[in-house]
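Work out the full structure: start from the sequences and follow the hints.
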Amino acid sequence: MHELGVAQSLLDYLEKAAKEHHLKKIKSVTLKIGKMRQIVPETLVFLFQTLAEGTIAEQAQLQIELLPVRVHCLQCNQTADLPPRKYSCPHCGNSSLEWVSGKELIIDHIEGDPIDAN
Amino acid sequence: MQIKIMQNILAANERKANELRSLLKEKKILMVNLISSPGSGKTTLLEKTIPLLQAKNYRVAVIEGDVETDRDAQRLMAYGIPVILITTSGACHLESVSIEKAFESLNLDELDIIFVENVGNLVCPAEFDIGEDAKVALLSTPEGDDKVAKYPLLFQEASLVILNKVDLLAFIPFKESYFEEDLKQINPQVAVIKMAAQQDMGLEEWIDWLREMVSRKHRTD
Chain A
1 MHELGVAQSL LDYLEKAAKE HHLKKIKSVT LKIGKMRQIV PETLVFLFQT LAEGTIAEQA
61 QLQIELLPVR VHCLQCNQTA DLPPRKYSCP HCGNSSLEWV SGKELIIDHI EGDPIDAN
Chain B
119 MQIKIMQNIL AANERKANEL RSLLKEKKIL MVNLISSPGS GKTTLLEKTI PLLQAKNYRV
179 AVIEGDVETD RDAQRLMAYG IPVILITTSG ACHLESVSIE KAFESLNLDE LDIIFVENVG
239 NLVCPAEFDI GEDAKVALLS TPEGDDKVAK YPLLFQEASL VILNKVDLLA FIPFKESYFE
299 EDLKQINPQV AVIKMAAQQD MGLEEWIDWL REMVSRKHRT D
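The listed protein sequences derive, respectively, from chains A and B.
In terms of this note's numbering, the first sequence opens at residue 1 and continues consecutively.
In terms of this note's numbering, the second sequence opens at residue 119 and continues consecutively.
Each hint should be verified, as a subset may be incorrect.
[Claimed, not checked] Some but not every residue of chain A turned toward chain B, in silico, with C-beta under 10 Å:
1) Leu4
2) Ser9
3) Lys19
4) Ser28
5) Met36
6) Leu51
7) Ile56
8) Leu66
9) Tyr87
10) Pro90
11) Ser95
12) Ser96
13) Val100
14) His109
[Stated by the list, open to error] Keeping only pairs whose Cα atoms sit at most 25 Å apart, straight-line, the calculated DSS-like set for lysine-lysine is:
15) Lys86(A) to Lys122(B)
16) Lys122(B) to Lys16(A)
17) Lys166(B) to Lys312(B)
18) Lys103(A) to Lys268(B)
Derived by calculation from the structure, the hints in this document are not laboratory data.
Don't be surprised by glycine CBs; every beta carbon is placed ideally from N, CA and C.
Dropping the structure here:
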């Protein structure tokens, strides 16, 4: 249930960002989340919607792009996506790896309606 | 209107964690974030650790994250050290803002080591930086030899992995080779201590690790 902490942090950020960018409404939020984070997208969406009720992000669509656990092998120099629960190079079996993706927890962009200038 | 953000969702928590980290650096206090499942022996480990550290004149405090009760805190208060209880009322982890609050009740000028006993859980506590110097993952053998592979984030983030209750290995189907193989893949450099805290096995190595961490803290200026 770490999704709850993530959803709350996201909402806190959005309320701040809306003020900063003079938005009256946030329409969508696009997240990039690495699979190592073990976030369940449905759970995150559900909790976010629950928490967002009555806030500026009430109607925001949460788009979640899951990023694969991708590594670069320092032995054979190839890049590969790891299957679940495997942490060695699928090509040569070495475990000296550089992490290319998989641990992200990023707000990529948001879309919103600006407050009308008058 | 589209606005590019490109920011970590947990950035606010991490900013606060970094503030705490600089404060601890200034005060030369080692803070250890102890993470495990419920029942793997976090409180018992601390009960065994505290007197050994006190005997070597280290000043210790514990920040105790508990979902509901003050039972663990009560057990530790018996050692005459400051114990700050944070009941999370169901939340599965501690965040840096709760640690900052706990600091208000501690005299940071009179401490060498702070142990944070995180909420018993292998997923959420790994996610939230609380400003610690080291995450210590405690795994007990009855939980099974597949836990490292199932909870990779924690075991990758850990600076030390303690395998506890090794005295039970003769009675349960825990294959040490599976545990070691997974750990070698996920975190090849991590230190491992095999322990049976209740039986006083492996405690010396643990105390040595802590002492080394404390002296490293004093060396970095």
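Enumerated hints in conflict with the structure, sorted upward: Failing hints, ascending: 3, 6, 7, 8, 10, 13, 15.
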